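*Asks:* Residue-level listing of the chains:
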Amino acid sequence: MHNTRLVEELKEIAGAANVLTADEDLLAYGFDGTWYESKPLAVVLPLTTAEVSALHKLATRERMAITPRAMGSGLSGGAVPLEGSLVLGVMRMNRILEISEADGVAVVQPGVVNADLQRAVEARGLFYPPDPASLKQSAIGGNVAENAGGARCLKYGVTGDYVMALEVVLPNGDVLRTGGRTLKNVTGYNLRALFTGSEGTLGTITEITLRLLPKPKFVRTATAAFDSIERAAQTVSAVMASGLLPTSIELLDRITMRCVEDNIAAGLPVDADALLLFAVDGNQEAIVAGELEAIASLAREHGATSTCVAASEAESEALWSARRAISPSLARVRPHKLGEDVAVPRSQIVAMIRAVREIAARYGLTMPIFGHAGDGNLHPNILCDRRDPEEMARVKLAAREIFEAAIALGGTLSGEHGIGLLKKQFLELDLGPEAIAIMHKLKDAIDPLGIMNPGKIFPNPGGPDAFRL
Amino acid sequence: MRFAFEPECADHRSEGFIEASSPCGRSGRPPPTFRELKGWTLRRAERREAMLTDAELKGFTGADIPPEDVYNRCVRCGLCLPTCPTYLETLVETSSPRGRIALIKAVGEGRLAANSPGFVHQMHECLDCRACEAVCPSGVMYGQILEPARTQIERTAGSRRPLGQQAIRAFALDVLFGDFTALRFAATLLRFYQRSGLQRLVRASGLLRLIDLHRLEAQAPPISSRFFIPHNQRRRAAAPQPKATAFVHAGCVMHVAFADVDEATVRVLNRAGCDVVVPEGQGCCGAISIHAGDLDRGRALAKANIRAFERSDADVYIINAAGCGSTLKEYGHIFAGDSDWAQRAADFSSKVRDLTEFLDTIGIPLNLARLDAVVVYQDPCHLVNAQRIAAAPRRLLAKIPGLTLREIEEATICCGSAGIYNLTMPEMADRLKRRKIENVLAANPDVIATANPGCALQLAAGLRDAGRNVPVKHVVELLDDAYSAAG
Ligand SMILES: Cc1cc2nc3c(=O)[nH]c(=O)nc-3n(C[C@H](O)[C@H](O)[C@H](O)COP(=O)(O)OP(=O)(O)OC[C@H]3O[C@@H](n4cnc5c(N)ncnc54)[C@H](O)[C@@H]3O)c2cc1C
Ligand code: SF4
Ligand code: SF4
Numbered sequence: 001m002h003n004t005r006l007v008e009e010l011k012e013i014a015g016a017a018n019v020l021t022a023d024e025d026l027l028a029y030g031f032d033g034t035w036y037e038s039k040p041l042a043v044v045l046p047l048t049t050a051e052v053s054a055l056h057k058l059a060t061r062e063r064m065a066i067t068p069r070a071m072g073s074g075l076s077g078g079a080v081p082l083e084g085s086l087v088l089g090v091m092r093m094n095r096i097l098e099i100s101e102a103d104g105v106a107v108v109q110p111g112v113v114n115a116d117l118q119r120a121v122e123a124r125g126l127f128y129p130p131d132p133a134s135l136k137q138s139a140i141g142g143n144v145a146e147n148a149g150g151a152r153c154l155k156y157g158v159t160g161d162y163v164m165a166l167e168v169v170l171p172n173g174d175v176l177r178t179g180g181r182t183l184k185n186v187t188g189y190n191l192r193a194l195f196t197g198s199e200g201t202l203g204t205i206t207e208i209t210l211r212l213l214p215k216p217k218f219v220r221t222a223t224a225a226f227d228s229i230e231r232a233a234q235t236v237s238a239v240m241a242s243g244l245l246p247t248s249i250e251l252l253d254r255i256t257m258r259c260v261e262d263n264i265a266a267g268l269p270v271d272a273d274a275l276l277l278f279a280v281d282g283n284q285e286a287i288v289a290g291e292l293e294a295i296a297s298l299a300r301e302h303g304a305t306s307t308c309v310a311a312s313e314a315e316s317e318a319l320w321s322a323r324r325a326i327s328p329s330l331a332r333v334r335p336h337k338l339g340e341d342v343a344v345p346r347s348q349i350v351a352m353i354r355a356v357r358e359i360a361a362r363y364g365l366t367m368p369i370f371g372h373a374g375d376g377n378l379h380p381n382i383l384c385d386r387r388d389p390e391e392m393a394r395v396k397l398a399a400r401e402i403f404e405a406a407i408a409l410g411g412t413l414s415g416e417h418g419i420g421l422l423k424k425q426f427l428e429l430d431l432g433p434e435a436i437a438i439m440h441k442l443k444d445a446i447d448p449l450g451i452m453n454p455g456k457i458f459p460n461p462g463g464p465d466a467f468r469l
Numbered sequence: 001m002r003f004a005f006e007p008e009c010a011d012h013r014s015e016g017f018i019e020a021s022s023p024c025g026r027s028g029r030p031p032p033t034f035r036e037l038k039g040w041t042l043r044r045a046e047r048r049e050a051m052l053t054d055a056e057l058k059g060f061t062g063a064d065i066p067p068e069d070v071y072n073r074c075v076r077c078g079l080c081l082p083t084c085p086t087y088l089e090t091l092v093e094t095s096s097p098r099g100r101i102a103l104i105k106a107v108g109e110g111r112l113a114a115n116s117p118g119f120v121h122q123m124h125e126c127l128d129c130r131a132c133e134a135v136c137p138s139g140v141m142y143g144q145i146l147e148p149a150r151t152q153i154e155r156t157a158g159s160r161r162p163l164g165q166q167a168i169r170a171f172a173l174d175v176l177f178g179d180f181t182a183l184r185f186a187a188t189l190l191r192f193y194q195r196s197g198l199q200r201l202v203r204a205s206g207l208l209r210l211i212d213l214h215r216l217e218a219q220a221p222p223i224s225s226r227f228f229i230p231h232n233q234r235r236r237a238a239a240p241q242p243k244a245t246a247f248v249h250a251g252c253v254m255h256v257a258f259a260d261v262d263e264a265t266v267r268v269l270n271r272a273g274c275d276v277v278v279p280e281g282q283g284c285c286g287a288i289s290i291h292a293g294d295l296d297r298g299r300a301l302a303k304a305n306i307r308a309f310e311r312s313d314a315d316v317y318i319i320n321a322a323g324c325g326s327t328l329k330e331y332g333h334i335f336a337g338d339s340d341w342a343q344r345a346a347d348f349s350s351k352v353r354d355l356t357e358f359l360d361t362i363g364i365p366l367n368l369a370r371l372d373a374v375v376v377y378q379d380p381c382h383l384v385n386a387q388r389i390a391a392a393p394r395r396l397l398a399k400i401p402g403l404t405l406r407e408i409e410e411a412t413i414c415c416g417s418a419g420i421y422n423l424t425m426p427e428m429a430d431r432l433k434r435r436k437i438e439n440v441l442a443a444n445p446d447v448i449a450t451a452n453p454g455c456a457l458q459l460a461a462g463l464r465d466a467g468r469n470v471p472v473k474h475v476v477e478l479l480d481d482a483y484s485a486a487g
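Just so you know, the sequences run in chain order A and B.
Residue numbers are given in our numbering: position 269 of the first sequence equals residue 269, and the series is strictly consecutive.
Residue numbers are given in our numbering: position 21 of the second sequence equals residue 21, and the series is strictly consecutive.
Heads up, a few of these hints could be off.
Under the rule of at most 20 Å between Cα atoms (straight-line distance), these lysine to aspartate or glutamate pairs were calculated in the EDC-like manner [said to hold, decoys possible]: (1) A/Lys396 - A/Asp444; (2) A/Lys396 - A/Asp385; (3) A/Lys39 - B/Glu109; (4) B/Lys58 - A/Glu428; (5) A/Lys11 - A/Glu62; (6) A/Lys424 - A/Asp465; (7) B/Lys105 - A/Asp174; (8) B/Lys105 - A/Glu37; (9) A/Lys39 - A/Glu83; (10) B/Lys105 - A/Asp388; (11) B/Lys351 - B/Glu280; (12) A/Lys396 - A/Asp430; (13) A/Lys396 - A/Asp174; (14) B/Lys105 - A/Glu358; (15) A/Lys217 - A/Glu83; (16) A/Lys155 - A/Glu293; (17) A/Lys396 - A/Asp447; (18) A/Lys57 - A/Asp161.
Pair ranges (Cβ atoms, derived) [claimed, not checked]: (19) B/Asp347 - A/Gly267: 26 to 36 Å; (20) B/Thr361 - A/Cys308: 27 to 37 Å; (21) B/Pro67 - A/Glu261: 53 to 63 Å; (22) A/Gly303 - B/Ala398: 38 to 48 Å; (23) A/Leu245 - B/Gly59: 54 to 64 Å; (24) A/Leu397 - B/Glu310: 52 to 62 Å; (25) A/Asp161 - B/Asp347: 35 to 45 Å; (26) B/Arg388 - A/Thr182: 43 to 53 Å; (27) A/Cys308 - B/Ala398: 21 to 31 Å; (28) A/Leu194 - B/Leu423: 49 to 59 Å; (29) B/Pro67 - A/Asn190: 35 to 45 Å; (30) B/Gly59 - A/Glu261: 35 to 45 Å.
Bear in mind the hints are in silico, worked out from the structure with no lab data behind them.
Please read all numbers here as calculations on a predicted model, not as lab measurements.
Beta carbons are placed, not taken as given, at the ideal position from N, Cα and C, and that holds for glycine.
Make the full structure from the sequences, and use the hints.
*Replies:* Given below as structure tokens:
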């Protein structure tokens with residue numbers, strides 16, 4: 001970092017041990033779960049809200065950009081510090097401040113890892129439902145900033161449905177506390193909803209109060225294999241129409257299964273065209289088992305070639321680990337992958353899958369499809385080699401067509417990964433100019449200097465034509 | 001012969017692996033806070049200045065370059081972060097597997113110098129515990145890029161170490177672990193030092209601290225009263241029809257510091273129905289050199305072992321030290337591309353089995369005496385991560401009647417032993433040691449079982465620091481004890 005005085009000030013605020021400026025550190029903090037890379041100005045790892053506030057004040061004075069960063073598993077480039085940004089890493093703010101059975105809430109700092117929180121509350125018979133597949137490698141701060149979803153969303157909703165209160169350090173260093181510990185709260189505008197999913201562009205989240213539920217006593221898993229993905233999609237509709245509400249319905253297509261199977265030999269039915277993974281939870285074992293059986297027979301009625309109910313906790317955990325291993329397994333086939341995150345209304349899942357397969361065929365690309373079939377959030381991935389410019393030109397066009405297809409079907413660009421850098425050029429397709437104009441005004445009102453995570457969400461001029469990979 | 005002065009810690013070694021006891025224990029310290037990380041970073045800055053005077057050479061050069069198809073497999077998903085001991089201690093991305101892979105890639109692509117201080121630091125702060133490799137869903141074989149990266153560093157930066165460090169390193173790698181005879185000679189001296197009262201005298205004098213040798217000294221294992229010397233001895237199976245002929249690798253630390261474990265290994269293999277041979281001409285497996293970035297020496301040592309074992313009609317080659325075992329199993333890999341040796345090395349590796357793995361496969365007799373004790377099995381990284389063996393030792397222990405196995409938190413997080421890590425990264429090693437001991441003691445065990453000498457030493461040292469007296473034993477010793485007690 002060129003400015004030694006600034007580094008000294010950072011060290012005064014956060015302590016020398018919490019300021020990193022070596023080349024190697026700047027390299028390591030230059031990326032997230034995508035392939036985007038940049039180089040920050042410096043990295044600060046504050047421990048308290050007061051330090052975060054002081055850092056914001058310094059940034060305001062110096063007109064220095066700040067990129068908040070949690071565990072860096074983001075899939076839209078949100079934590080990539082565009083040139084010259086100060087990375088404000090929150091992973092050392094990692095304390096669970098309170099778990100209250102009486103109020104059914106947990107109060108945590110942003111660097112608490114999702115899986116650690118789940119474990120801590122479950123030890124008390126409580127339950128924090130949002131479970132992104134990245135639960136072991138993402139932190140609550142990142143989850144809130146991306147409004148992360150997970151397999152259990154179908155029944156329980158996304159991160160935002162559990163955010164009851166937030167402490168946010170605003171760009172100028174002021175500390176905002178919004179929301180409370182009451183389940184109902186309609187006093188004034190819902191600011192916690194505004195900051196949830198704001199991708200670090202409005203402030204740094206320093207404390208989160210989360211809603212907890214009682215932990216369901218039983219969770220059971222079943223699978224159904226199909227020789228056509230359409231039949232799998234019809235089964236999803238039939239299950240949802242039957243009055244049952246499974247915890248999750250996950251979909252894996254043939255290519256996805258093969259990638260996972262080559263990787264971890266999970267025993268998936270690779271000959272099938274698609275696999276559905278169902279989970280049902282509840283407090284009475286017989287009811288849970290009965291519901292799962294009902295789902296299995298619905299699947300068979302709709303042409304499942306085989307169904308299987310996991311016999312044990314271990315068997316069901318093996319299935320869910322296979323589900324969580326999908327994303328990285330795809331990278332074994334080709335050097336790179338572009339993971340999409342479109343969501344469409346449930347009734348349009350079949351149409352969306354058809355569209356993706358058609359696009360893949362037309363551009364000669366391999367595109368495994370998996371995702372949260374129950375809520376219409378699909379992850380078509382485009383496997384590619386970034387070093388091949390001709391292929392990347394096709395990837396770019398195909399990605400664009402996938403976005404356009406999702407929007408044409410009444411869906412959206414991103415169900416859970418956020419816009420970040422990856423999808424910003426398509427924002428207008430989805431939102432329209434009025435919504436974007438309001439968002440700009442909100443951003444200007446809260447962050448008039450534009451120092452918070454610049455370059456994210458809002459498109460550069462040129463729209464989809466200026467889309468770069 | 002007994003000496004007038006009893007060694008300070010004689011009771012540590014009453015029998016079996018090692019036993020820690022309180023008399024010389026220091027009181028436990030509270031876990032470090034992040035503020036205390038300061039020292040570490042400052043020292044890094046000092047190192048940085050010391051090394052920046054050298055011209056920076058971007059990229060890797062010559063032989064043993066970390067293969068790009070290995071590091072390019074990393075998709076930066078971050079799943080390895082929560083498994084990495086140094087990440088958990090620092091919460092710094094640079095100290096994580098994903099960060100280190102990014103650095104190796106940056107050097108590989110010529111964006112960073114192989115002797116840049118942060119890179120050198122990270123390659124050494126890494127424990128080579130391979131926890132990241134075991135969980136990586138993309139199949140990044142991290143060990144395959146770390147070891148050549150260290151070798152590259154040694155070639156460019158090795159000669160710039162302070163002279164004292166160079167001397168210790170050369171002594172350890174070239175002399176001690178170079179061949180068994182020298183090691184035994186040194187061990188004999190050390191035994192004299194430990195038992196004659198000289199140790200107490202020297203420790204009290206603070207002499208070692210003066211010349212900065214106290215860590216090395218404190219880390220030296222208590223030497224066995226007799227050594228287990230490989231000289232082609234053959235021990236017949238208990239059964240008339242042997243199930244297999246097992247050639248045993250005695251291990252370099254094992255055969256001088258844990259001779260009892262080697263002896264127990266032979267007895268238990270015999271009971272399990274195997275003829276056992278301990279071939280002459282074997283030597284250090286090369287792990288210490290390879291992990292320290294001296295692949296050439298590692299290969300030379302590997303050749304000696306391949307020669308000593310391959311002439312035999314053995315069905316398996318047995319090793320009771322997890323760290324050595326993982327290296328012996330990877331000989332095929334370190335000779336990849338060497339047309340003379342690749343096949344021989346691969347054949348050798350294909351016959352290597354960890355003792356617990358092998359006993360679990362062939363089955364053991366069940367005439368085991370009762371042991372009413374709570375046992376914590378501590379997974380050596382090079383067994384659980386590098387060789388993916390976790391269930392076998394537990395299944396063996398569970399066969400002892402009365403024994404209760406208790407699992408601990410963070411079972412796969414390294415204890416900080418990691419070869420010569422204790423000497424090269426003392427502060428991190430201490431923090432990991434404390435972390436492990438806390439987790440182990442939380443389970444309140446009567447005995448701690450493990451399967452690697454480094455882990456045993458580290459645990460014993462940690463227990464001593466915590467003032468706790470819990471015996472640490474190799475799995476095979478517990479089995480051996482249970483057989484002898486049953487008669
Ligand atoms: C294998 C894999 C599977 C995944 N599965 C899912 C899934 O099932 N569902 C899902 O929703 N996502 C998933 N993701 C994406 C990712 O894990 C989530 O977006 C997660 O919420 C990011 O958390 P993080 O801690 O890694 O945040 P980061 O990547 O560090 O940051 C994400 C964004 O949040 C901002 N941010 C971080 N901390 C703060 C803070 N304290 N204040 C303000 N802004 C902040 C950053 O600026 C950035 O814009 C997956 C990712 C991977 C690699
Ligand atoms: S788990 Fe594997 S792919 Fe994921 S970040 Fe770690 S090394 Fe890379
Ligand atoms: S080998 Fe161990 S210490 Fe090194 S990066 Fe992997 S998990 Fe971390």
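*Asks:* Against this structure, judge whether each hint is valid.
*Replies:* Hints and how they fare:
1. As the CA atoms of A/Lys396 and A/Asp444 are separated by approximately 31 Å, the hinted pair breaks the 20 Å bound.
2. Taking the CA atoms of A/Lys396 and A/Asp385, the gap is about 12 Å. The hint holds against a cut of 20 Å.
3. Distance check on the hinted pair: A/Lys39 and B/Glu109 sit about 16 Å apart at the alpha-carbon level, within 20 Å; holds.
4. A C-alpha spacing of about 44 Å is found between B/Lys58 and A/Glu428, which places the hinted pair above 20 Å, so the restraint is violated.
5. Between A/Lys11 and A/Glu62 the CA atoms are separated by roughly 15 Å; this keeps the pair inside 20 Å, and the hint holds.
6. Among the hinted pairs, A/Lys424 with A/Asp465 is consistent with the structure: their alpha-carbon atoms are about 12 Å apart, no more than 20 Å.
7. Proposed proximity of B/Lys105 and A/Asp174 is contradicted: the alpha carbons are some 40 Å apart, above 20 Å.
8. With a CA separation close to 13 Å, the supplied pair B/Lys105 and A/Glu37 stays within the 20 Å bound.
9. For a cut-off of 20 Å, the pair hint linking A/Lys39 to A/Glu83 stands: about 6 Å separates their Cα positions.
10. Taking the CA atoms of B/Lys105 and A/Asp388, the gap is about 19 Å. The hint holds against a cut of 20 Å.
11. Between B/Lys351 and B/Glu280, the direct Cα distance comes to roughly 18 Å. Compliance with the 20 Å bound is thereby established for this hinted pair.
12. Pair hint A/Lys396 plus A/Asp430 holds up; C-alpha atoms about 18 Å apart against a cutoff of 20 Å.
13. Restraint check for A/Lys396 and A/Asp174: the C-alpha separation of about 41 Å exceeds 20 Å, so the hint is violated.
14. Restraint check: the Cα-Cα separation between B/Lys105 and A/Glu358 comes to about 36 Å, which exceeds 20 Å; the hinted pair is violated.
15. Distance restraint check for A/Lys217 and A/Glu83: the Cα-Cα separation of roughly 49 Å exceeds the 20 Å cut-off, and the hinted pair is therefore not satisfied.
16. Note on A/Lys155 and A/Glu293: the hinted pairing holds, with a Cα-Cα distance of about 18 Å set against a maximum of 20 Å.
17. Taken as a hint, the A/Lys396 and A/Asp447 pair is broken in the structure, with Cα atoms around 32 Å apart against an allowance of 20 Å.
18. For the hint linking A/Lys57 to A/Asp161, the alpha-carbon distance of about 31 Å lies beyond 20 Å, and the restraint is violated.
19. Between B/Asp347 and A/Gly267, the C-beta spacing of about 32 Å keeps the proposed range 26 to 36 Å intact.
20. Distance hint for B/Thr361 and A/Cys308: a CB-CB separation of about 30 Å, consistent with the stated range 27 to 37 Å.
21. Separated by about 25 Å at the C-beta atoms, B/Pro67 and A/Glu261 break the suggested range of 53 to 63 Å.
22. Checking the proposed 38 to 48 Å range against A/Gly303 and B/Ala398 shows it holds: the Cβ atoms sit about 46 Å from each other.
23. The hinted range of 54 to 64 Å is satisfied by A/Leu245 and B/Gly59, whose Cβ atoms lie roughly 57 Å apart.
24. Between A/Leu397 and B/Glu310 the CB atoms are about 57 Å apart, so this pair conforms to the stated range of 52 to 62 Å.
25. With their beta carbons about 59 Å apart, A/Asp161 and B/Asp347 fall outside the hinted range of 35 to 45 Å.
26. Restraint check, B/Arg388 to A/Thr182: a C-beta distance of roughly 50 Å satisfies the suggested window 43 to 53 Å.
27. Between A/Cys308 and B/Ala398 the beta carbon distance is about 30 Å. The supplied range of 21 to 31 Å therefore holds.
28. For A/Leu194 paired with B/Leu423, a C-beta distance near 54 Å keeps the hint of 49 to 59 Å intact.
29. As the Cβ distance of B/Pro67 to A/Asn190 is approximately 52 Å, the hint placing it in 35 to 45 Å is violated.
30. For the pair B/Gly59 and A/Glu261, the supplied restraint of 35 to 45 Å holds, since their beta-carbon distance comes to about 37 Å.
In summary, the structure is inconsistent with hints 1, 4, 7, 13, 14, 15, 17, 18, 21, 25 and 29 from the numbered list given earlier, while agreeing with the others.
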